[in-house]
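**Q** Given chain G, put chain B in place with the hints provided.
Residue numbers (the numbering used here), protein chains in the order written: chain G, 1 to 422; chain B, 1001 to 1422.
Honestly, the hints are just simulated from the structure, not real lab data.
Keep in mind that the hints are not guaranteed to be accurate.
[Said to hold, decoys possible] List of simulated lysine-lysine pairs, BS3-like, C-alpha gap at most 30 Å:
hint: 1; chain 1: G; residue 1: Lys74; chain 2: G; residue 2: Lys330
hint: 2; chain 1: G; residue 1: Lys409; chain 2: B; residue 2: Lys1422
hint: 3; chain 1: B; residue 1: Lys1409; chain 2: G; residue 2: Lys290
hint: 4; chain 1: G; residue 1: Lys84; chain 2: B; residue 2: Lys1084
hint: 5; chain 1: B; residue 1: Lys1230; chain 2: G; residue 2: Lys290
hint: 6; chain 1: B; residue 1: Lys1403; chain 2: B; residue 2: Lys1084
hint: 7; chain 1: G; residue 1: Lys230; chain 2: G; residue 2: Lys380
hint: 8; chain 1: G; residue 1: Lys253; chain 2: G; residue 2: Lys84
hint: 9; chain 1: B; residue 1: Lys1403; chain 2: G; residue 2: Lys347
Chain by chain, the residues run as shown.
Protein chains: 2
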Amino acid sequence: MAQSGGPTAVINASIAGVIEEAYKHEQIEEVYGAQNGILGVLNEQIIDLSEEKNSTIKGLLYTPAAALGSCRHKLSFGSKDPAKVAEAQRDCERILEVFKAHNIRYFFYAGGNDSMDTADKVSKLAQQQGYDLRVVGVPKTVDNDLPFTDHCPGYGSVIKYLSTAVMEASRDTEAMCSQPTCSLIEVMGRHAGWIAAGTVLAKRTDEDGPHIILLPEVPFTQETFIAEVKETIAKYGRCVIVVGEGLCGPDGKLISFMAGKFSKDAFGHTQLGGAAESIRGIVEEEVHVKCRTAKLGVIQRAAAHCTSKTDRDNAYMSGARAVQLAVEGKTDVMVILTREGSGENIKYGTGTAGLSDVANNEKMLPRDWINEAGTLPNEKFIEYAQPLILGEISIPHEGGLPKYARLEKHLIEKKCPEYGAK
Amino acid sequence: MAQSGGPTAVINASIAGVIEEAYKHEQIEEVYGAQNGILGVLNEQIIDLSEEKNSTIKGLLYTPAAALGSCRHKLSFGSKDPAKVAEAQRDCERILEVFKAHNIRYFFYAGGNDSMDTADKVSKLAQQQGYDLRVVGVPKTVDNDLPFTDHCPGYGSVIKYLSTAVMEASRDTEAMCSQPTCSLIEVMGRHAGWIAAGTVLAKRTDEDGPHIILLPEVPFTQETFIAEVKETIAKYGRCVIVVGEGLCGPDGKLISFMAGKFSKDAFGHTQLGGAAESIRGIVEEEVHVKCRTAKLGVIQRAAAHCTSKTDRDNAYMSGARAVQLAVEGKTDVMVILTREGSGENIKYGTGTAGLSDVANNEKMLPRDWINEAGTLPNEKFIEYAQPLILGEISIPHEGGLPKYARLEKHLIEKKCPEYGAK
Chain G
1 MAQSGGPTAV
11 INASIAGVIE
21 EAYKHEQIEE
31 VYGAQNGILG
41 VLNEQIIDLS
51 EEKNSTIKGL
61 LYTPAAALGS
71 CRHKLSFGSK
81 DPAKVAEAQR
91 DCERILEVFK
101 AHNIRYFFYA
111 GGNDSMDTAD
121 KVSKLAQQQG
131 YDLRVVGVPK
141 TVDNDLPFTD
151 HCPGYGSVIK
161 YLSTAVMEAS
171 RDTEAMCSQP
181 TCSLIEVMGR
191 HAGWIAAGTV
201 LAKRTDEDGP
211 HIILLPEVPF
221 TQETFIAEVK
231 ETIAKYGRCV
241 IVVGEGLCGP
251 DGKLISFMAG
261 KFSKDAFGHT
271 QLGGAAESIR
281 GIVEEEVHVK
291 CRTAKLGVIQ
301 RAAAHCTSKT
311 DRDNAYMSGA
321 RAVQLAVEGK
331 TDVMVILTRE
341 GSGENIKYGT
351 GTAGLSDVAN
361 NEKMLPRDWI
371 NEAGTLPNEK
381 FIEYAQPLIL
391 GEISIPHEGG
401 LPKYARLEKH
411 LIEKKCPEYG
421 AK
Chain B
1001 MAQSGGPTAV
1011 INASIAGVIE
1021 EAYKHEQIEE
1031 VYGAQNGILG
1041 VLNEQIIDLS
1051 EEKNSTIKGL
1061 LYTPAAALGS
1071 CRHKLSFGSK
1081 DPAKVAEAQR
1091 DCERILEVFK
1101 AHNIRYFFYA
1111 GGNDSMDTAD
1121 KVSKLAQQQG
1131 YDLRVVGVPK
1141 TVDNDLPFTD
1151 HCPGYGSVIK
1161 YLSTAVMEAS
1171 RDTEAMCSQP
1181 TCSLIEVMGR
1191 HAGWIAAGTV
1201 LAKRTDEDGP
1211 HIILLPEVPF
1221 TQETFIAEVK
1231 ETIAKYGRCV
1241 IVVGEGLCGP
1251 DGKLISFMAG
1261 KFSKDAFGHT
1271 QLGGAAESIR
1281 GIVEEEVHVK
1291 CRTAKLGVIQ
1301 RAAAHCTSKT
1311 DRDNAYMSGA
1321 RAVQLAVEGK
1331 TDVMVILTRE
1341 GSGENIKYGT
1351 GTAGLSDVAN
1361 NEKMLPRDWI
1371 NEAGTLPNEK
1381 FIEYAQPLIL
1391 GEISIPHEGG
1401 LPKYARLEKH
1411 LIEKKCPEYG
1421 AK
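One chain only, chain G, in its complex shape (with noise of 0.2 Å):
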């Protein structure tokens, strides 16, 4: 098994769900993890998990990040440059040899889009050359932006976070709003808004925060923003916006950029992260009141101490769906997670998706989710979103902190010769 793409809260609980699920099986006689993703593979960095203790596999159902390692290799062959076309085909070739070298006949990988087309293409090959593997993806990302799947595990975490992070926020903007006060709250989220839109959960009156949720599928209009700020100001004498990091212009350019403070990085990249602070300055300047900006970064993804319940419940079960799958003969296939029923009454359960028609696809945040303003999501998504944050689970402390496991990764053996993949 292997991890790829950005770590979430509950990533580590699908691979549990794997590990604990795959030692139940006969025909699995070892299991592995990828030390990084693919790149452990390529690199033949395997991780023996039979040499972990049973306490540390238990530690993963709380523990952030991704244990195994990540990366953000991809398998680019749909690059339009020959040369990376022939990378990928050589890379895929590469993991067939080292699983080859090691008798591996299943491969479980759990990420977004880009790792379910890496285990498509592993897989093609593999019956190609007619070598018995068996392939299932299992979903992860905070983005919540895989299609065919109710909702992707790490996706009721990140939300249950920020939801309380913005709870908590806006009684401060409460307390001090013997002045008008503006704060904002900048969220990861490139393209969809499935995270920005999460904080509404927040809002339990019309008072509480947040008032105001720029979404990266809203083109961002300045005077009809500006507006909706004095509004909110007129009525509680507070506005608190929650800032999608991908929101754009009505040119589809990302705001960030068109504000030109954080236009480029040290490497000429276009940074993102920098939305907050372009709309502090909008603000600062048309509505004259103070603003204070958050930005949350990696910590949002990561933050354990506020796992949902439901959201560890499905990743485990998710990770376990795929074993099974497996050892049933299933492959090329990403397992999905399915609900029946709604409310407290809430039901899930698992299907399956072509792992091709995962890796091209990306689901956006439907607009008749949204209000006709387009500042907040409406009923039918607190609907959707709210059962995904319910419960909390308790994590052991020390010294007053979080416990969290630490695999100790004894590698296995090489049987292959060097590759150096990066």
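**A** This is chain B only, laid out in the frame that chain G set:
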């Protein structure tokens, strides 16, 4: 009673301490709270706390921010502007006018240096006028910079939360370090580095973050810093850095200002809060590694979901003790916290310090509590800070989120002319 300055996770616990203790004493007939600190006294906006539900008062024990409302209104007796001194004098007289109108004989003010100064001035004027008034301060500040007291209620909780967040962000950075990565987390602290220093508690082994803590007390020198970052990345493949917002260069100027990006806000004030972005620019240009920033803003001081039980209990004790002191006849003092013993056998108690002594002092992080290089607090600091984050409290949840209390705020009838303080 009144609350002043920036909110914390536990200032409401101090208020609950005052209220519950006050009802135990026959001498005290009514318990009032000023809406938005001293502003509520000036404008005669006074909350009758007997009208609140008992469950709401109990809820203050885990509700963040400032339930009565806060303010930053100062009595500027020390100003060089004669108009401001005259205004302070008018304010002081008005406060007494309102106290007399409602037969208010005890005044408890929870806040920092400025609040203790205000409380002191009001008390002195009452004495001049022969009005029997007992004034006791309750310490409050996440900054932990009040003198005489062992620590300030609010500090233990802010560093428990930040250490948790830094621990989790460090795991995230660790998971993603297939390529060298630097993570920068900006925390509060304009003058003193107590908050930034507290995040060292997240560090259980050398490889754990934070690897470097940039403290306002230690002038930032780019060469030393860059060398340290390079060394850390060579060793662990990653570097987690905590930056105090008030970090200054060798010339005493703010780093955020030095880099020029955030120099002035829309009102022409020097804006803090850009220190991490400035440091990111330096790291990317000089070390050429990917750098991610996070800035917790007001979220950190309001993070009641991560309250330290020790901090909460001491906050409550400070409030309750203030009432006992006043009833015993004491005035013009602030409650201070004391400690006896160490480690798990530590016992906290209370004492007193003169209001005027507190008002004009600020407690900085001692230089011998920081390592020689100035990059991390040492064992002396850890011995001091560790006990302050011990213990977790259980917060009732509703729909997956904390269920915080909110006062109904029934105002008593006004008896004085309008004043119009802002």
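**Q** Taking the hints in turn, state whether each one holds.
**A** Evaluation of the provided hints:
Restraint check for Lys74/G and Lys330/G: the C-alpha separation of about 24 Å stays at or below 30 Å, so the hint holds. As the CA atoms of Lys409/G and Lys1422/B are separated by approximately 61 Å, the hinted pair breaks the 30 Å bound. For the hint pairing Lys1409/B with Lys290/G, the CA-to-CA distance comes to about 25 Å; that is within 30 Å, so the pair holds. A hinted pair counts as satisfied when its Cα atoms are at most 30 Å apart, and Lys84/G with Lys1084/B does not qualify at roughly 69 Å.
Annotation: proposed proximity of Lys1230/B to Lys290/G is violated, straight-line Cα distance about 38 Å (limit 30 Å). Distance check on the hinted pair: Lys1403/B and Lys1084/B sit about 42 Å apart at the alpha-carbon level, beyond 30 Å; violated. Distance check on the hinted pair: Lys230/G and Lys380/G sit about 27 Å apart at the alpha-carbon level, within 30 Å; holds. With a C-alpha separation of about 28 Å, the suggested pairing of Lys253/G with Lys84/G holds against the 30 Å cut-off.
A distance of roughly 25 Å separates the Cα atoms of Lys1403/B and Lys347/G; the hinted pair therefore holds under the 30 Å criterion.
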